Amino acid sequence: MAEWYQVLMTALVGAGVPEWIATAIALLVGVTAIGLVAPLIALILVWLLRKVISRIQDRIGPNRVGRFGLLQTIADIVKLLSKEGINPSRADFMAYNLAPILSVFGVLLLFAVVPVTRGLIGVDINVGVLYIVALGSIGIMAALMAGWGSNNKYALLSGFRVVAQLLSYEIPLVLSMLAVVLYAGTMRFGELAEQQGNFLGLGWYVFLMPGAALIFFVCALAESEQTPFDLLEAESELIAGFHIEYSGMRFAMFFLAQFLGGFVFAWVGAAMFLGGWQGPGVDLPGIGGFLAAGYMMIKTFAIYLLMIWVRGTFPRLRVDQMMSFCWKILVPLTVGLISWQMVVQVLDLPTPVIAVLVLVGNLLVMGIGLYAVGRAIRQEGFRTKRAFTPDSLIGTMQPVAE
Amino acid sequence: MVPLQAYLTLAAFIFSCGLYGALARRNAIAMLMAVELMLNAVNINLVAFWRYGPNREDLAGQTFAIFVIAVAAAEVAVGLALVIAIYRSRKTVYLDEIDLLQG
Amino acid sequence: MPELPVEIPIPTPHQAVFIMVAVATGVASLLVVTNRNLFYSALCLVGALFGVAGVYVLLEAEFLAITQVLVYVGAIATLITFAIMLTRGIMFGVTSPNNRYMFAVMAMALLVFLLVAGVVDRVPWAVAEDLTLSGDGKSMIVDLGWEFVTTYALPLELIGLLLLIALVGAVMLARDDE
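Residue numbers (this note's numbering), protein chains in the order written: chain A, 1 to 402; chain B, 1 to 103; chain C, 1 to 178.
Please keep in mind that the hints were generated in silico from the structure rather than gathered at the bench. One or more hints might be untrue.
[To be verified] Covered stretches of chain C, as calculated for chain A (at least 3 residues, CB under 8 Å): (1) 34 to 43; (2) 66 to 79.
[Said to hold, decoys possible] Footprint (simulated), chain C over chain A, 3 or more residues, beta carbon under 8 Å: (3) 92 to 100; (4) 140 to 147; (5) 245 to 257; (6) 334 to 343.
Treat the numbers as computed from the prediction; the structure is a model and nothing was measured. Each residue gets a CB set at the ideal place from its N, CA and C atoms; glycine is no exception.
Build out the structure end to end from the sequences listed, making use of the hints.
Listed below in structure tokens is the structure:
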């Protein structure tokens with residue numbers, strides 16, 4: 001258990017509260033904090049996204065409700081809540097209604113293990129990194145249930161695409177996180193941050209493993225269903241994806257889950273590659289803790305802004321491009337990266353030599369990856385071949401030329 | 001502490017459920033799901049024996065459970081591929097209708 | 001006030017959690033095999049698998065619990081749901097009927113359960129006196145890793161081979177011939 005829990009328990013037991021009531025109160029405080037803070041973060045994220053995208057597209061964005069349009073999201077929520085909750089007559093009741101709850105639930109569970117500062121982690125479990133990946137699969141299940149339960153062919157197609165994409169990109173995601181876990185020798189988020197505290201709190205793993213960090217970022221985009229991997233809800237092909245039949249509150253839940261999903265991956269990326277709460281001055285007494293929490297948030301929002309930037313500038317991938325990018329480029333690259341790192345770490349070398357060799361491997365991986373992507377883009381320019389045969393369920397929805 | 005017998009009884013119950021499902025269902029996919037339940041019941045036993053056994057330094061119970069999970073993954077992949085292949089040629093997933101060899 | 005004839009045991013929090021998890025897992029697995037709609041069966045299977053992961057957490061096998069969620073819920077359950085959708089057993093009504101041996105099998109399964117449960121109660125298991133785990137969970141994960149590359153190196157390689165063969169075989173079986 002994390003330090004905040006110990007502190008709270010000591011205080012409560014010291015005040016004469018029986019131990020089991022104190023346990024219940026402490027757990028309740030933790031759960032409530034996550035359940036309250038996460039939607040509040042989502043409010044900021046929606047506003048940030050709309051503002052930044054607007055600026056990229058040379059617009060002003062929301063500016064009517066409140067200063068700088070800050071209250072626009074709240075107005076939107078009021079609108080969503082007052083909408084009629086439609087239940088399609090032939091929808092599968094259980095699957096249709098369970099799916100939005102499950103998707104929010106799956107994302108909120110992830111918030112339990114990400115660190116804020118030293119000693120302020122929901123639960124610092126031994127298998128934190130694996131936990132993030134494993135619980136991500138609840139989202140897949142929710143999307144599949146929504147796609148199936150809506151009884152709508154676009155929703156079902158989107159559900160199939162979600163499974164194909166999320167399961168595929170899970171492999172390079174896990175392997176790129178494994179690169180960090182192998183080097184640090186721990187899956188605990190708290191310890192991962194502690195180990196990046198060298199050089200005035202700037203010994204971040206992104207400097208040591210830029211290749212793994214880049215692959216992680218790409219996979220995080222895919223796992224949180226963001227551009228250029230948002231073909232799951234491509235308006236031009238699938239109308240709105242698996243949440244096409246949802247309205248009002250239930251749509252809002254999918255919306256919330258999606259924003260928070262992207263944010264959690266940004267958070268995990270900041271904790272694993274950008275040093276977590278580490279930074280200059282976190283060991284100072286007094287202000288150190290606040291400084292650390294500030295660093296953590298700044299890093300997370302920086303990664304999230306990068307995601308928004310990608311969203312504003314990149315075109316959407318086609319479904320076959322998405323699959324071949326994962327299986328033909330990312331998976332071989334990450335497997336090669338991990339193999340190289342294992343060989344380097346097993347050899348009995350001094351630490352600086354290991355670090356340099358790991359860095360060389362990562363730079364090589366980055367070079368090969370960027371070259372492969374560049375070549376694929378050039379080839380795509382000449383290609384007119386149709387991606388999938390039209391009778392394939394997961395294929396594109398292009399008209400058949402007889 | 002929960003007694004060891006409680007875990008074993010739970011595992012026995014899940015195993016019996018799986019046994020019933022595997023033998024009584026006509027749908028091949030339902031049968032596969034029942035087999036998964038049986039494998040899970042076995043895993044509960046393995047882990048429970050490791051946890052309550054006299055020698056907890058020896059992680060054989062957990063190791064074996066992980067091997068079972070890996071084999072289950074392989075089994076499901078091949079099993080479902082078979083089901084889909086059969087469905088494509090015979091248009092059925094009911095096991096008692098797949099009687100090509102009965103003449 | 002008259003004395004109660006038997007002292008009713010008050011469950012500790014650990015026991016209470018176990019009872020909840022066990023009941024949920026048992027009910028879910030019963031529903032998996034009795035539900036007439038195949039899709040609901042699959043949803044219940046997900047519930048049962050989560051329950052088993054909960055049991056692992058209670059047994060303090062954290063790594064195994066996460067592996068269970070990762071492999072079973074993330075991959076196997078999704079694959080099964082996928083196969084249900086591809087084989088198009090229409091989403092309404094009975095899609096998962098029982099065969100004619102249903103009642104005989106039910107009796108047999110009940111018998112097996114009673115037999116095993118009875119035996120389990122009577123065997124004097126060699127349960128350790130001191131049930132606390134030595135070391136923290138991290139050292140256990142490290143030990144598990146060592147076991148895999150030392151004692152169980154050959155089985156690990158074989159599992160890798162098996163998974164590869166299963167992967168190739170599944171692709172060969174399920175692909176379109178045209």
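These are the hints, each one checked on the structure:
1. Counting residues of the stretch 34 to 43 of chain C whose C-beta sits closer than 8 Å to any C-beta of chain A gives 3, which meets the bar of three, so the coverage hint holds.
2. With 9 residues having a beta carbon nearer than 8 Å to a beta carbon of chain A, the stretch 66 to 79 of chain C meets the requirement of three or more and the stated coverage holds.
3. Coverage of the stretch 92 to 100 of chain A by chain C holds. Counting CB-CB distances below 8 Å, 4 residues qualify, and the rule asks for three or more.
4. Requiring three or more residues with a Cβ within less than 8 Å of a Cβ of chain C, the coverage given for the stretch 140 to 147 of chain A holds, as 4 such residues are present.
5. For the stretch 245 to 257 of chain A, the stated coverage by chain C is not satisfied: 0 residues place a CB nearer than 8 Å to a CB of that chain, which falls below the threshold of 3.
6. For the stretch 334 to 343 of chain A, the stated coverage by chain C is not satisfied: 0 residues place a CB nearer than 8 Å to a CB of that chain, which falls below the threshold of 3.
Violated hints, in rising order: 5 and 6; the structure is consistent with all others.
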